[in-house]
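Chain residues, written in single-letter form:
Protein chains: 2
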Amino acid sequence: MRYNNLDRTAVYGRLVEATKAYSGFDFRQKLNAARVAGFSVPIADTLVYNWAAKKIDDDIVALLQELANEQELTAKYRALLDGEVMNTGENRKVLHQLLRGQLGKDVVADGKNIGEFYRKELLRFSSFADDVRSGRIQGSTGKKFGYVVQIGIGGSDLGPRALYIALENWALKEGITPAIKAKFISNVDPDDASAVLNSVQLGETLFVLVSKSGTTQETLANELFVKDKLLKAGLDASRHIVAVTSETSPLAHNSTYLDSFYIDDFIGGRYSSSSSVGGVVLSLAFGPAVFKEFLAGAHEADRGALEPDIRRNAAMLDALIGVWERNFLGLPYTAVLPYSQALSRFPAHLQQLDMESNGKRVNRDGEPVSYATGPVVFGEPGTNGQHSFYQLLHQGTDIVPLQFIGFNESQLDDDVVVDGSTSMTKLKANLAAQIVAFAKGQDDINPNKQFTGGRPSSLVYGKRLTPRVLGSLLAHFENKVMFQGFVWNLNSFDQEGVQLGKILTKKVLSGNSGDDALDAYSKLLGC
Amino acid sequence: MRYNNLDRTAVYGRLVEATKAYSGFDFRQKLNAARVAGFSVPIADTLVYNWAAKKIDDDIVALLQELANEQELTAKYRALLDGEVMNTGENRKVLHQLLRGQLGKDVVADGKNIGEFYRKELLRFSSFADDVRSGRIQGSTGKKFGYVVQIGIGGSDLGPRALYIALENWALKEGITPAIKAKFISNVDPDDASAVLNSVQLGETLFVLVSKSGTTQETLANELFVKDKLLKAGLDASRHIVAVTSETSPLAHNSTYLDSFYIDDFIGGRYSSSSSVGGVVLSLAFGPAVFKEFLAGAHEADRGALEPDIRRNAAMLDALIGVWERNFLGLPYTAVLPYSQALSRFPAHLQQLDMESNGKRVNRDGEPVSYATGPVVFGEPGTNGQHSFYQLLHQGTDIVPLQFIGFNESQLDDDVVVDGSTSMTKLKANLAAQIVAFAKGQDDINPNKQFTGGRPSSLVYGKRLTPRVLGSLLAHFENKVMFQGFVWNLNSFDQEGVQLGKILTKKVLSGNSGDDALDAYSKLLGC
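For the protein sequence lines, the chains are A and B, in the order given. Heads up, the first sequence is in the working numbering, so the first residue is 121 and it goes up one at a time. Heads up, the second sequence is in the working numbering, so the first residue is 121 and it goes up one at a time.
Please keep in mind that the hints were generated in silico from the structure rather than gathered at the bench. Treat each hint with caution, since some may be false.
For chains that are exact copies, the list does not tell them apart, and a pair is met inside one copy or across any two.
Said to hold, decoys possible - 25 Å max Cα-Cα, derived DSS-like pairs, lysine-lysine:
(1) Lys301 x Lys412
(2) Lys293 x Lys347
(3) Lys569 x Lys622
(4) Lys412 x Lys263
(5) Lys569 x Lys627
(6) Lys626 x Lys569
(7) Lys352 x Lys293
(8) Lys627 x Lys150
(9) Lys412 x Lys150
(10) Lys349 x Lys293
(11) Lys293 x Lys303
(12) Lys349 x Lys263
(13) Lys150 x Lys626
Work out the full structure: start from the sequences and follow the hints.
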C-alpha cells in the first residue's frame with residue numbers, strides 16, 4: 121500500500137485546475153427535483169446521504185473517484201479492519217469497527233483474539249446491566265439504582281452523553297423500563313461534580329468511572345470528589361462504582377470497585393462510544409438490547425463503507441466532498457445542523473471526532489504537510505440555529521459548508537396542529553427551505569435583503585431517530601473522518617496536541633513552572 | 121459623523137503593511153511576566169481583560185488607536201446612547217444599554233421617554249416576581265409556582281438560558297430561596313416541548329411566553345402546545361402564562377395572560393437579555409435583586425466602554441484586536457473557552473451575538489464590502505475542550521484566535537484535594553498552562569510532538585462568577601461586537617439573513633413552494 125500526501129497525487133493538479141470552472145457553478149440552474157432525487161446514497165437501510173446541494177458535478181466526482189483510488193481508501197480501510205497498525209505514532213491497531221461486528225480477518229494481538237475479547241466484554245456488561253436493571257445488584261443501601269453517573273472526559277464523555285440524550289426520549293416513548301436516568305461529570309471545575317451530585321439520590325446512584333489510561337487528571341479528581349461524598353453519606357463506595365478502563369491501567373483489577381469492564385489501546389477515546397465506554401452507561405440506562413441495536417446500525421454503515429465506488433459509498437463520498445471544499449474551494453469550516461432536539465449534543469461529539477482526528481499539521485510519517493487538513497466543526501440544532509448564527513451563514517462574507525440532519529418522524533409523537541400543520545411538519549419544512557435558501561439565494565432590489573446563494577450543504581436523513589439509526593449515523597461520521605485522514609495522509613488516531621498543556625499544568629501544580637509568564641498567569645488566576 | 125468602510129480609512133494601508141513584520145512575532149521572546157502584568161485593562165471593578173498573549177505590539181496598538189479615532193468609535197457609541205437611529209435598515213434606535221442605566225441624553229420617541237419606560241417595566245416585573253416568589257400569586261391549582269418555563273427562540277432563549285445556567289449554582293450556594301427552577305422550550309421540534317413538560321409539575325409551572333413581534337412561528341406553535349397540555353390537565357392557562365412582547369404585537373394587552381411585560385423595537389433580540397426578555401425569567405428564578413445586580417455590572421462595563429483610549433477600554437481594544445486578526449492576519453474564526461462549567465452555554469449565546477450582528481456582506485448603506493466581517497464563533501468549556509477539539513487548536517494547519525475566561529474561585533465552594541491541589545486549582549493551572557502552551561509551543565525532535573506555538577489568546581478573568589460579574593461579562597462582549605460593527609461600517613442590529621428561510625418555509629407549508637427542488641426536499645423529509 122502506498123502512503124502519499126494529497127498534493128503528491130497525480131490527480132491533485134487536475135483538481136486544482138478544476139476549481140476555476142466552479143466559480144460559475146449556479147445552483148439556480150442546477151438544483152432541481154431530478155438532482156435532489158438522483159443524488160442520494162444509502163448509509164444503511166434506514167439512513168440516506170443526499171448531496172444534491174453540494175457544489176459538485178460529474179467531472180469532479182470522477183476526479184474524486186480517481187483520488188479515492190489513488191489514495192487506496194478502500195484498501196486502507198480493509199487493512200485497518202484486518203488489524204494493520206494504522207495508529208503509527210503510537211504503534212497501535214485501530215479496531216473500533218470490530219466492536220460492532222467483524223468485517224475483516226481475525227485480529228490477534230499478543231496471542232489474544234481481539235474480536236473475542238470485545239464480544240466477551242459486551243456480554244459481561246450486558247449481563248451486569250441486566251442485573252442492575254432487574255434489581256439483582258443493588259447499592260449499599262439495599263435500594264435499586266435509579267441513576268447512573270458517568271465520570272469521564274473527552275471521548276469518555278462527549279460521545280456517550282450525546283448518544284444518551286439522543287435516545288432518552290425515544291426510550292420514554294417506547295416504554296422502556298426501568299427508567300434509569302444517566303448524568304455525566306466531566307470537567308475538573310468542582311462546580312460540575314457538585315451540581316450533578318446535588319441532582320441525584322446518592323444512595324440510588326451507580327457511578328461509571330471511565331479512563332482508558334487510568335491516569336486522567338480530571339477523572340481521578342472527580343472520582344475522589346464522589347468517593348468523599350459517598351463516604352460522608354455513610355455509603356460503601358465499593359458498591360457504587362464500576363470502572364471502565366484498560367487492563368494495564370492502575371484502575372484495573374481493583375476489588376474496591378463493584379465491577380470492571382475493559383477496553384484496550386486499539387480503541388481511541390473519541391471512537392470508544394461503541395465499546396464499554398459508551399456501552400456500560402447506555403446499557404444501564406436503556407437495557408443491553410438497545411445498545412446492541414445501536415451496534416447493529418453502526419455495523420451496517422461500516423459494511424457500506426467498504427464499497428469502492430464513491431457514488432455508492434456515502435461515508436467516502438462525504439469525505440471526498442469535504443476535501444474538495446477544504447482543499448480546493450478553500451473553505452475552513454463545517455457546520456453540523458441536526459433538525460432534531462434529540463441530537464442537541466451530537467455536534468459537540470462530531471467536533472471532537474473530527475477536530476481531534478484530523479487537526480494535524482504533520483503527516484503519518486511526521487513530515488509537515490503543505491495543505492489544509494481538518495476544518496473547524498461547530499453546530500447547534502435547527503430550528504434554534506436559524507434564529508442565531510444562520511445570519512452569517514446566509515449573508516456573511518465567507519462561505520461555510522453545511523451538514524444538515526433530519527428525520528421524517530419525531531421521537532415522542534406528541535404534537536399539536538397550529539395553522540394547519542404539526543410542529544414536526546414545520547420543523548421539516550424549515551429544513552427543506554433552508555437547504556434551498558442557502559443554495560439558490562434570492563435577488564432583491566435592496567442589497568441588504570439580497571441572498572447570493574451558492575452556499576453548499578448536504579442532508580443526512582432517515583425515518584425516525586432510533587438506536588439503530590443512531591448507530592448508522594455515528595459510524596457514518598467516524599468513517600468519513602477516517603477516509604479524510606487517509607486522503608490527507610494523516611494519522612487520525614493519535615492526539616499528541618493535547619500533551620503540552622498537560623505537561624505545563626503539572627509544572628504549575630508542582631510549584632516550579634520554569635516560565636515566568638506561566639507564573640504570572642497562575643498568579644492572576646490565584647493558583 | 122463619518123461612516124466609512126474599513127478599507128477606505130487612511131490607516132488601512134499601514135495596517136496591511138504592518139502585517140509583514142508580524143510573521144516573525146515570537147512569543148517565546150516576548151511573553152514574560154512583565155508583559156502579562158502590564159497588558160491588563162479593567163472591564164469593570166470585578167473583571168479584567170488581559171491581552172498579553174495576543175500577537176500585537178505597541179506599533180500595532182498605535183495604528184489600531186488611529187483606526188478607532190478615524191472610525192469615530194467613541195462618538196458613534198455616544199450617538200447610539202443618545203438615541204440616534206443606528207439600526208438604519210429598520211430605522212430604529214438601539215437602546216439595550218439604556219436598560220442598564222442612562223449614560224447619554226434622555227431618549228424620547230413618539231413623545232415617550234424610553235428610559236422611563238424601561239425602568240417602569242423593570243419595576244413592574246420585579247414586583248410581579250416578588251409576588252410569585254412569595255406565593256401571593258399562585259397557579260390555578262392554588263399551589264405556589266416551583267417552575268418557570270420560558271418559551272422563546274434565538275435571542276429570547278440563548279441569552280436568558282446561558283445566564284440562568286451561569287447563576288443556578290451561585291444562587292444555591294448563596295441560599296437564595298425559594299428555589300424556582302427555570303427550563304426553556306425553544307425548538308419547533310415537538311420533542312423539545314414534550315420533554316420539558318415531562319420534567320415539570322404542570323400545576324406548579326409558570327410559563328413566560330417571549331416574542332417581540334408576537335409572530336415567531338416556533339414560539340406560537342409551542343404556546344399552543346403548552347396550552348393544549350394545560351387544558352388537558354384541567355388547568356386554567358390564563359393563570360399560568362405571562363407574555364413578554366412589544367406593545368404593538370398581537371400578543372400585547374391580552375387578558376388571557378396572567379400578566380404582560382413589554383419591550384420595544386429598540387431592543388434587538390440578541391441584545392435583549394437585560395430587558396424583560398431575560399429579566400422576567402431571571403427575576404422569577406433568583407429574585408429581582410439578583411437581576412438588578414446583573415444590570416449594575418453591565419452598566420459599569422457600558423460606562424467603561426466610553427473611554428476613547430483603547431489601552432483603557434477593554435471592549436474597544438478587544439474589538440480592534442479582533443479586527444487585526446480577522447482582516448490583517450486573515451484568521452476567520454474565534455473560539456470562546458470559559459474555564460467555568462457555569463458558563464457552559466455562554467459560547468452559544470456569544471455565537472449568536474457575534475455572528476448574527478456582524479455576519480454581513482453589505483455595509484450600513486447596503487453596499488457590498490470588499491473585506492471580511494464577523495468570524496465564525498464557537499466554543500465549549502475548559503477543561504472539557506482540552507480533551508476534544510484543542511488538538512486542532514494546538515497542531516492544526518490553521519490558527520484559531522482564542523478567548524479564554526476564568527475565575528479565581530468556584531461558585532459552590534465544594535471541593536476536594538487530590539495530589540496536593542484542589543480541583544479549582546487544577547482548573548486554573550490548566551487555563552494558565554494552555555495560554556502559554558498555545559503561545560510558546562514546544563520543540564521536539566519528533567515532529568508529531570512539536571508545537572509551533574504562535575497561537576494567540578486573550579483572557580477575561582475575575583474573582584468569582586457572581587450576577588454583577590456576569591453582567592459585566594455580557595456587556596463586554598456586546599460592546600465588543602458593537603465596536604467591530606462600527607469599524608466594519610456595518611449595521612450590527614438587523615438580521616435580514618434570517619428572512620429568506622422563513623419565506624420559503626411558509627411556501628412549503630402552504631403547499632405551493634413554486635420550486636421543484638424545494639418540493640423534492642419536502643418529499644424526502646415527508647412534509
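Return the numbers of the hints above that this structure violates; sort them in rising order. 4 and 9
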